[in-house]
Every structure is written in C-alpha cells, then in structure tokens.
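Please model the entire structure based on the sequences and the hints provided.
In order, the protein sequence lines correspond to chains A and B. In this note's numbering, each number is its position in the first sequence, counted from 1, plus 33. In this note's numbering, each number is its position in the second sequence, counted from 1, plus 33.
None of these hints come from the bench; they were simulated from the model. You can take every hint at face value.
Only pairs whose alpha carbons sit at most 27 Å apart, straight line, appear in this in silico DSS-like list of lysine-lysine:
| # | chain 1 | residue 1 | chain 2 | residue 2 |
| --- | --- | --- | --- | --- |
| 1 | B | Lys-117 | B | Lys-170 |
| 2 | A | Lys-144 | A | Lys-117 |
| 3 | B | Lys-181 | A | Lys-170 |
| 4 | B | Lys-144 | A | Lys-60 |
| 5 | A | Lys-181 | B | Lys-170 |
| 6 | A | Lys-144 | B | Lys-77 |
| 7 | B | Lys-170 | B | Lys-46 |
| 8 | A | Lys-144 | B | Lys-144 |
2 protein chains.
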Amino acid sequence: MDRSTLIAEIFRKQSFLCVGLDTELAKLPEHLRSQPDAILAFNKAIIDATRDLCVAYKPNLAFYEALGPEGWSIFHQTVQYIGKEHLIIADAKRGDIGNTSRMYAEAFFQKMDCDAITVAPYMGEDSVSPFFGFPGKWVILLALTSNKGSVDFQRQPQNASGEELFEVVLRRAQEWGTPENLMYVVGATHPEAFRQVRRIAPDHFLLVPGIGAQGGSLAAICEHGMNADCGMLVSASRSIQYASAGADFAEAARAEALKIQTAMAAILKRLV
Amino acid sequence: MDRSTLIAEIFRKQSFLCVGLDTELAKLPEHLRSQPDAILAFNKAIIDATRDLCVAYKPNLAFYEALGPEGWSIFHQTVQYIGKEHLIIADAKRGDIGNTSRMYAEAFFQKMDCDAITVAPYMGEDSVSPFFGFPGKWVILLALTSNKGSVDFQRQPQNASGEELFEVVLRRAQEWGTPENLMYVVGATHPEAFRQVRRIAPDHFLLVPGIGAQGGSLAAICEHGMNADCGMLVSASRSIQYASAGADFAEAARAEALKIQTAMAAILKRLV
Numbered sequence: 034m035d036r037s038t039l040i041a042e043i044f045r046k047q048s049f050l051c052v053g054l055d056t057e058l059a060k061l062p063e064h065l066r067s068q069p070d071a072i073l074a075f076n077k078a079i080i081d082a083t084r085d086l087c088v089a090y091k092p093n094l095a096f097y098e099a100l101g102p103e104g105w106s107i108f109h110q111t112v113q114y115i116g117k118e119h120l121i122i123a124d125a126k127r128g129d130i131g132n133t134s135r136m137y138a139e140a141f142f143q144k145m146d147c148d149a150i151t152v153a154p155y156m157g158e159d160s161v162s163p164f165f166g167f168p169g170k171w172v173i174l175l176a177l178t179s180n181k182g183s184v185d186f187q188r189q190p191q192n193a194s195g196e197e198l199f200e201v202v203l204r205r206a207q208e209w210g211t212p213e214n215l216m217y218v219v220g221a222t223h224p225e226a227f228r229q230v231r232r233i234a235p236d237h238f239l240l241v242p243g244i245g246a247q248g249g250s251l252a253a254i255c256e257h258g259m260n261a262d263c264g265m266l267v268s269a270s271r272s273i274q275y276a277s278a279g280a281d282f283a284e285a286a287r288a289e290a291l292k293i294q295t296a297m298a299a300i301l302k303r304l305v
Numbered sequence: 034m035d036r037s038t039l040i041a042e043i044f045r046k047q048s049f050l051c052v053g054l055d056t057e058l059a060k061l062p063e064h065l066r067s068q069p070d071a072i073l074a075f076n077k078a079i080i081d082a083t084r085d086l087c088v089a090y091k092p093n094l095a096f097y098e099a100l101g102p103e104g105w106s107i108f109h110q111t112v113q114y115i116g117k118e119h120l121i122i123a124d125a126k127r128g129d130i131g132n133t134s135r136m137y138a139e140a141f142f143q144k145m146d147c148d149a150i151t152v153a154p155y156m157g158e159d160s161v162s163p164f165f166g167f168p169g170k171w172v173i174l175l176a177l178t179s180n181k182g183s184v185d186f187q188r189q190p191q192n193a194s195g196e197e198l199f200e201v202v203l204r205r206a207q208e209w210g211t212p213e214n215l216m217y218v219v220g221a222t223h224p225e226a227f228r229q230v231r232r233i234a235p236d237h238f239l240l241v242p243g244i245g246a247q248g249g250s251l252a253a254i255c256e257h258g259m260n261a262d263c264g265m266l267v268s269a270s271r272s273i274q275y276a277s278a279g280a281d282f283a284e285a286a287r288a289e290a291l292k293i294q295t296a297m298a299a300i301l302k303r304l305v
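Listed below in structure tokens is the structure:
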C-alpha cells in the first residue's frame with residue numbers, strides 16, 4: 034500500500050488505528066482455547082470485528098514463532114485473511130548484515146505478503162537499506178520505543194551533536210529512505226519527544242505503540258506528532274484483543290476499537 | 034550447554050569454530066537444487082562434514098524465514114539433526130518489549146531447542162532480560178557487528194562517558210547477565226577494538242563473525258580477544274558452506290573447516 038492510498042484510507046475511515054495481533058493461547062477466551070485452530074479463529078474474529086475501524090494490522094512475529102513451525106503458517110493465514118485493504122505490518126524488529134537483511138525482506142515482503150516490517154537500527158545503513166526498493170513496501174525503523182529500556186541507549190546524548198541517539202537515528206535514516214517508504218516507531222510513552230521527532234522528520238509517518246496497556250495518551254501524542262497528512266498510525270494490541278476474556282470478546286474488541294476510532298475522528302476533524 | 038562444558042569441548046576438539054548455516058537455495062550445488070529436501074539435505078551434509086571440527090552451529094533465521102512457513106520446519110529439523118553435542122545458536126537478532134521478548138525466548142529455547150540466541154540491544158534492559166533465566170541457555174548480545182554500518186551508531190562516542198556506544202552496551206549488559214549466560218557479538222572486521230572489549234568484558238565469551246567472506250583475520254582477533262578460557266567462538270558461514278559449488282561441496286567444506294580448526298589448534302597451544 035503506497036503513501037497516498039494510506040492517507041486516503043485514513044481520511045475515509047476517519048481512523049489512524051493499527052490493531053496489533055499479539056495473540057497468545059493462554060489469553061484466549063476459554064471456549065476457544067481447546068479448538069484446534071484457536072489462534073487463527075481468534076484472529077479472524079478480531080479482524081472481522083475491527084475491519085472498518087482501522088487502517089492497519091500489526092501481527093507481532095514473536096507470538097507466532099512461540100507456536101513452533103506451525104506458527105508461521107498461522108501468521109501467513111492471518112495475513113491472507115486480512116486481505117489487501119489494510120496496511121499489514123510485520124512487527125518483527127529484524128536487521129542483520131546486508132545479504133541477510135535482503136533475505137528477511139524477501140521473507141516478509143514476497144513470501145508473507147506483508148506491506149511493512151519493523152526494523153532495528155543498531156547495525157546501521159547496510160542492515161536497513163536492503164528492505165527498501167520493494168515498490169509499495171515500507172520500512173518502519175525503531176527510533177524511540179515505548180518500553181522502559183528505551184532510556185538505556187536511545188535517549189543517551191551523542192558527543193558529536195549533543196542529540197540523543199534516537200534523534201541521530203531519525204536523521205541518518207533519512208539519507209536511506211523517503212517519506213514514501215520509511216516510517217519510524219515512536220512510543221506514546223514519550224509524549225514530550227514528539228516535538229523533537231517532528232523537528233527532524235516532519236513528513237514521515239510515525240507508528241506509535243504504547244497507548245492502551247502501556248499507558249500512553251492519544252491526545253498528548255497527537256498534539257505534537259500529527260502533520261497535515263495525519264502522519265501517524267497509532268497501534269493498540271492487548272487493550273483491544275483482550276478487552277473481554279469471555280464469549281463476547283469480539284464485541285468487546287469492537288467496542289474498544291470504536292472508542293479509539295471515535296477519538297481519532299474528533300482529532301482528524303480539528304486537522305482539516 | 035553450560036559454560037564449563039563449552040570450554041571443555043573447545044580444548045578437547047582444539048577448536049573454537051562455529052559453523053554458520055546460512056543456506057540459500059540459489060547457492061546450492063546444482064545436483065542438489067532440484068531435490069525436494071535440498072536445504073535440509075545440504076545442511077545435513079555440511080554438519081556431517083564438520084561435526085568433529087567445530088563446537089557450535091549457527092543457523093541464521095533469515096535464510097529459513099525466506100523459505101516461507103516451511104522454512105521454520107527445516108530450521109527445526111536442522112537443529113534436531115545437530116543434536117546435543119554442539120552449542121546451537123539461533124542467529125535471529127531479536128529484541129522487543131518485555132512481554133514480547135519473553136515469547137521469543139520461549140520460541141527459540143523451548144520450542145526450537147536452541148542453546149543461544151543473538152539479541153539486538155537497541156531497546157534496552159527489559160528487551161534483553163527476558164532471555165535470561167533459562168538454565169544452560171545463552172543471550173548473545175550484539176555489541177560491535179562486522180558490517181560496514183557498524184560505524185553508523187555503534188562506534189559513535191557518547192556524551193556521558195566519552196565511550197563509544199558499543200562500549201556502553203558491553204558495560205550496561207553486565208548488569209543484566211553474567212559470563213555464564215551472556216556472550217557478545219564482536220566482529221572480526223574491528224580487530225583493534227578487541228582490546229577495548231576485553232578491558233570492559235574480560236570474562237565473557239565473544240561470538241566473532243567476519244572472518245572468511247567478510248575478510249577478518251583469525252590471528253589479529255585472537256591476539257587481543259582471547260582469555261584464559263579461550264573466550265571466543267569464531268564463526269564462518271559462506272566460506273565453509275560454499276567452498277565448492279560442485280558435487281564435492283561437503284569435502285570442500287570439511288577442508289575449509291579443517292584449515293580454520295588447524296589454525297585454531299595452534300593458537301590454543303600457545304594459550305596453555
């Protein structure tokens with residue numbers, strides 16, 4: 034999915050919600066847990082309940098890999114079930130030496146039909162660049178993550194410029210990709226940092242995890258994070274997927290997604 | 034495999050070689066390429082040809098993921114074929130928020146029976162710590178990688194200490210793991226940096242890629258990198274796996290591994 038289609042979808046649906054699919058057997062409603070295809074059945078129900086309310090889905094690979102070899106097949110079937118009308122983000126946080134990153138790009142863009150992949154920047158340019166050059170596909174580079182450990186290295190000031198490491202990542206990566214094929218991960222748990230991010234990267238889309246279970250506020254991040262194209266995909270995973278542990282899990286997931294989408298629509302109205 | 038067993042194996046085999054299994058269909062000898070189980074058959078032949086010459090195997094997940102869902106099954110069958118007498122390193126470069134890293138740990142240590150996993154440090158403590166606490170299992174944290182892009186962020190001086198980022202990673206991670214469950218990746222393409230590494234981490238094992246196809250020198254890295262327990266696992270992948278593109282690929286792989294093991298034996302003799 035290219036940038037202009039994504040922007041059009043955001044304004045059409047009045048939503049910049051990305052629904053995470055971090056599906057864990059132990060957290061499924063009891064009536065599903067014993068089914069042979071429990072994870073896939075749960076994913077399909079969550080997808081059906083939220084399709085019109087979100088523009089992106091983001092399965093996190095860890096949850097599928099934890100299922101063993103079968104997990105990749107469930108992941109792929111989930112991607113196929115989503116179809117072509119949403120941006121599908123493989124939350125995989127990959128990154129390796131050049132010839133190896135190229136293999137990851139083929140895995141996620143070609144074999145698995147994903148639109149985007151999250152990539153870790155630690156190994157530098159030649160670990161990130163092989164992911165570019167697939168038309169309509171996106172690199173979503175970790176810049177400032179939502180977790181507590183993000184302060185350990187990402188927020189450390191660098192000698193050369195006095196900038197924090199994540200600012201250097203934002204700046205350097207703009208030499209490698211463009212707003213048409215590069216987004217950044219910026220966690221909602223650092224609302225004050227969005228102004229810094231937009232100073233360096235005014236046009237790029239930001240993928241923002243950390244609202245919901247991790248406690249970040251939608252209003253706070255939108256205040257300084259949005260641009261004229263919206264420029265944000267805000268993801269929520271656990272708060273939607275596990276809104277109810279009962280038989281009504283899909284309705285509860287829809288209600289939670291609708292709450293977020295309604296807030297997003299109000300924010301988008303102020304934008305235009 | 035625990036630390037004392039690993040050290041014993043190194044001195045028994047007179048080898049600290051780790052054979053990478055970065056298997057790519059397009060690079061296989063032609064007579065194998067059309068077989069239905071080509072990748073697995075190739076891996077088995079490489080393993081059989083090198084078992085007595087190495088102490089570790091390191092399949093890189095990218096090459097298996099690029100095969101689609103079936104790739105994880107080939108990866109798992111490869112791990113099972115290696116058996117219990119070698120350290121099996123999943124070169125996966127994972128790392129995510131805490132609850133997600135825990136899923137990756139379960140995937141690689143429990144479902145996939147690996148002994149070690151490479152982990153990227155960018156997301157900090159809570160992205161790394163969930164990989165600890167599995168008895169006999171190892172985190173191998175990226176510190177200074179072998180690729181060109183390693184200079185982009187890893188070698189940047191940090192304000193607080195004047196240390197380079199990889200030195201801060203080495204130092205901070207010692208608060209999270211011990212020499213019994215934590216190794217570091219340090220690329221052979223930075224031979225001059227091994228002195229810096231050993232100043233900060235004298236006891237930890239180092240996993241050293243970058244000899245062979247990437248051009249690093251075994252003698253140069255051993256001079257400053259070894260400690261009294263050897264303390265190094267030096268990996269070679271392409272130079273062994275693809276030593277010959279013909280029907281004699283396994284013999285050629287063995288000859289290449291033997292050349293490295295012979296050099297290692299000479300270096301180990303000087304150590305004791």
